[in-house]
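Enquirer: These protein sequence lines map, in sequence, to chains A and B.
Residue numbers for the first sequence, in the numbering used here: 1 to 166.
Residue numbers for the second sequence, in the numbering used here: 167 to 332.
The set of hints was computed from the structure by calculation and includes no laboratory data.
Beta carbons: idealized from backbone N, C-alpha and C, even for Gly.
Be aware that a few hints might be false.
Taking beta-carbon pairs under 8 angstroms as the criterion, some of the chain B residues facing chain A (in silico) [said to hold, decoys possible]: (1) L200; (2) S203; (3) R224; (4) T232; (5) I318; (6) R322; (7) F323.
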Amino acid sequence: MSVEALLAIIEAWPISVAMRGEIPGTEWLFPIIETLHVMALTIVVGSIAMLDLRLLGLASRNTAVSRLTAEVLPWTWTAWSVAAVFGTLMFMAKAGTYAGNLQFRLKFVCMGLAAVNMFVFHFGAYRQVARWDGGEPPMSAKLAGALSLSLWIGVVFFGRWVGFTT
Amino acid sequence: MFRPFADWLADTPLSKTLQDQAWVVPTSQSIHILAVSIVFGSACMINLRLLGVGQSGRSVSQLSKTLVPWMWRALAVLLFTGLIQTVAEPVRQFVTPMFWAKMLMIIIVASMTALYAKAVRRNAAAWDAVSSRPWRAKAFAILSTLLWLAIIVCGRFIGYTWSFYA
Chain A
1 MSVEALLAII EAWPISVAMR GEIPGTEWLF PIIETLHVMA LTIVVGSIAM LDLRLLGLAS
61 RNTAVSRLTA EVLPWTWTAW SVAAVFGTLM FMAKAGTYAG NLQFRLKFVC MGLAAVNMFV
121 FHFGAYRQVA RWDGGEPPMS AKLAGALSLS LWIGVVFFGR WVGFTT
Chain B
167 MFRPFADWLA DTPLSKTLQD QAWVVPTSQS IHILAVSIVF GSACMINLRL LGVGQSGRSV
227 SQLSKTLVPW MWRALAVLLF TGLIQTVAEP VRQFVTPMFW AKMLMIIIVA SMTALYAKAV
287 RRNAAAWDAV SSRPWRAKAF AILSTLLWLA IIVCGRFIGY TWSFYA
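Given the sequences, and given the hints that come with them, work out the whole structure.
Expert: The structure is reproduced here in structure tokens:
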């Protein structure tokens, strides 16, 4: 089965039809789901930015990185899951259109690179976190923070531009 | 009542310049969302701590000292990007009650936050211990979270409701 056929099948699902507001009573479904997506993504980006700014030495300098991570990351992952669920619902409304949209693709390139960056940091600089926990992070950790911040800014920008280009 | 002013504003050279540049509004909105992430992410972290959720992290006074200044910086960015969007699309903003409800709630929640920050600065020890924390702490946490959520809803729904009133 081709990708186009699969996307067409997804668009025909009743829940996708409802997301397009084509069933009476569902006219406001997409704006509501989109608002919930925005709420969740602000938590994702806000919490990641706190960690990145700490790694860069720009905020929370008197808090240990490991402590901040333990405090923040459970909320990041919870909110990310919520954003992913609502984002998937939005995608289903116009799966074919979004899949072919440049900004949509770039958003997921950014998110993929952010994931790679996270793994590199986690199995690299963060393994020796005890050495620099309370003070100045090493250059590799700063780089991870700068990359993460830039990529998530990219995710937000391209995400917002999807709405203007589809 | 605001319609004549909106029409006049939309006709000014500044507004026309912004309207002619197709990238201005999407870019401003993207920065706006990033700033919302800082404000709402910070507010949630402070409010969760005030409610006693997630005890592993920093004290209330430490958290406020770090995050409240970031909230004011982000709020300044929100004001600036919001102003750009209003000058570029005055009718869209001024005709819908969502916009005015949002402005009113921002004034309320910003005043509440300023009062909160002042109270914590004045008596950090009392706010840090759960037993001696004033009863207002929980009320502030719940009310401010609800206000920020309602502000996000109104913000997103300006775009979905203005055409009914224009």
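Enquirer: Indicate, hint by hint, whether the structure satisfies it.
Expert: Evaluated hints:
no. : hint : verdict
1   : L200 : holds (5 angstroms)
2   : S203 : holds (4 angstroms)
3   : R224 : holds (6 angstroms)
4   : T232 : holds (5 angstroms)
5   : I318 : holds (6 angstroms)
6   : R322 : holds (5 angstroms)
7   : F323 : holds (7 angstroms)
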